[in-house]
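Participant: Single-letter residue listing:
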Amino acid sequence: MGILANHAPTIEPLRPGVVEVIEGGNTSKKWFVSGGFATVHPNNKLTINAVEAAPLDAFSPEAVRANLQEALKVAAGNGSEEDKVEARIEADVYEALQHALSK
Amino acid sequence: MLARRTLGRIASQPPALGAAPSQARNMATLREIELRLKSVRNIEKITKSMKMIASTKLAKAQRAMQAGKQYGIANTEIFAHTGAEEAGKRKLFIVISSDKGLCGGIHSSVSKATRRAFAEKDKVDEDSPIMVIGDKSKAQLSRALPKNLVLTFNQIGRDIPTFADAAGVADLILTSDVKYDKIAIVYNKFVSAISYESAVVEIDPENLLKESPGFKAYEMEDDVTKDLAEFTLANAIYATLVEAHACEQSARRNAMDNASKNASDMINRLTMQYNRGRQAAITNELVDIITGASAL
Chain A
1 MGILANHAPT
11 IEPLRPGVVE
21 VIEGGNTSKK
31 WFVSGGFATV
41 HPNNKLTINA
51 VEAAPLDAFS
61 PEAVRANLQE
71 ALKVAAGNGS
81 EEDKVEARIE
91 ADVYEALQHA
101 LSK
Chain B
104 MLARRTLGRI
114 ASQPPALGAA
124 PSQARNMATL
134 REIELRLKSV
144 RNIEKITKSM
154 KMIASTKLAK
164 AQRAMQAGKQ
174 YGIANTEIFA
184 HTGAEEAGKR
194 KLFIVISSDK
204 GLCGGIHSSV
214 SKATRRAFAE
224 KDKVDEDSPI
234 MVIGDKSKAQ
244 LSRALPKNLV
254 LTFNQIGRDI
264 PTFADAAGVA
274 DLILTSDVKY
284 DKIAIVYNKF
294 VSAISYESAV
304 VEIDPENLLK
314 ESPGFKAYEM
324 EDDVTKDLAE
334 FTLANAIYAT
344 LVEAHACEQS
354 ARRNAMDNAS
364 KNASDMINRL
374 TMQYNRGRQA
384 AITNELVDII
394 TGASAL
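For the record, the sequence lines run as chains A and B. This note's numbering puts the first residue of the first sequence at 1, with every later residue one more than the last. This note's numbering puts the first residue of the second sequence at 104, with every later residue one more than the last.
These are calculated hints, taken from the structure and not from any lab test. In this text the structure is predicted, and so the values were computed from the model without any measurement. All clues given are correct.
Below 25 Å or equal to it, Euclidean Cα-Cα: the simulated BS3-like pairs (lysine-lysine) are:
1) A/Lys-30 x B/Lys-172
2) A/Lys-45 x B/Lys-172
3) A/Lys-45 x B/Lys-329
4) B/Lys-319 x A/Lys-45
5) B/Lys-172 x A/Lys-29
6) B/Lys-163 x B/Lys-239
7) B/Lys-250 x B/Lys-224
8) A/Lys-84 x B/Lys-329
9) B/Lys-285 x B/Lys-215
10) B/Lys-313 x A/Lys-45
11) B/Lys-313 x B/Lys-329
Construct the complete structure from the given sequences, taking the supplied hints into account.
Facilitator: Now the structure itself:
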């Protein structure tokens, strides 16, 4: 989803993924966001509230792959329902991370 | 001539019987002063080290607070645009303090603010629920408003608060069956490194957001109001927790600073007293010896 200036007021929940901020020139900054809300206010302000965000180059693909395997194992295993749901969410985040890093 | 003069001197002195007990009393008080001096010195060491620790913790806490404050402001941005409706009076008060003492008036500041809010009978229902984070304020409020306490949290605030703590608190609040019209978070606002003041941040729960006219201006794909309300609550709790933590460290630093100053003043005074007493005892002994020798 792209937001330009003077967008209509909107509230959007954010899935774990990449947020790209395109500044005046052709520079852009990318962050991986763990999830949260993006709110466009009537006064042309955009607020992105995320629990955690980090620049893309702070992640190591090796660690991501290893943790993804772990999470998938727990999700498919025989823990409690809560554990499995948590592991599923964890796996989603890692998959999104992998996808973002491989681009 | 000498003999007459010394006789006169002995007669003019206070009776010999009186001298011995006062000398004994002086020795006893000398010992007491020595003990007091030792204990005050130990206390001064302790308060000085607590002040050092609080100073280093304050530096870290202030940095976290800068980030947290921006987060809190961004969080409440949405409430600036959704008009403040006339809500019901049943407010859920979340009081933020901590478990540890020796930090000046932090805990009583939030407790007093809560009691003042309750005194405004036309704005707050009398049986509004209160949830307290931190044992110290819990003790104070359970004496003042015992019937209103619903939930208490402890072991929060030992270190810099994280979003995980705030999310945990928010989760427990939302899953409890407490009914409320609005949420008010009472915390200590950081004014400067030497002062703080109590403040209240109000959060609208889900149904209030839905009814507010300003809110309807926002487009939403699916209805995420409930998630938004929960997220804003957790964010607000996080921002206020971090700020209250910074206030607590600065208050503890100032309190321990004052305590160290008072302790060193006391040490000076006691040392003077001790030296004077010591010299008086020596002088008395000398006088006794001299009069005894001249009487021979």
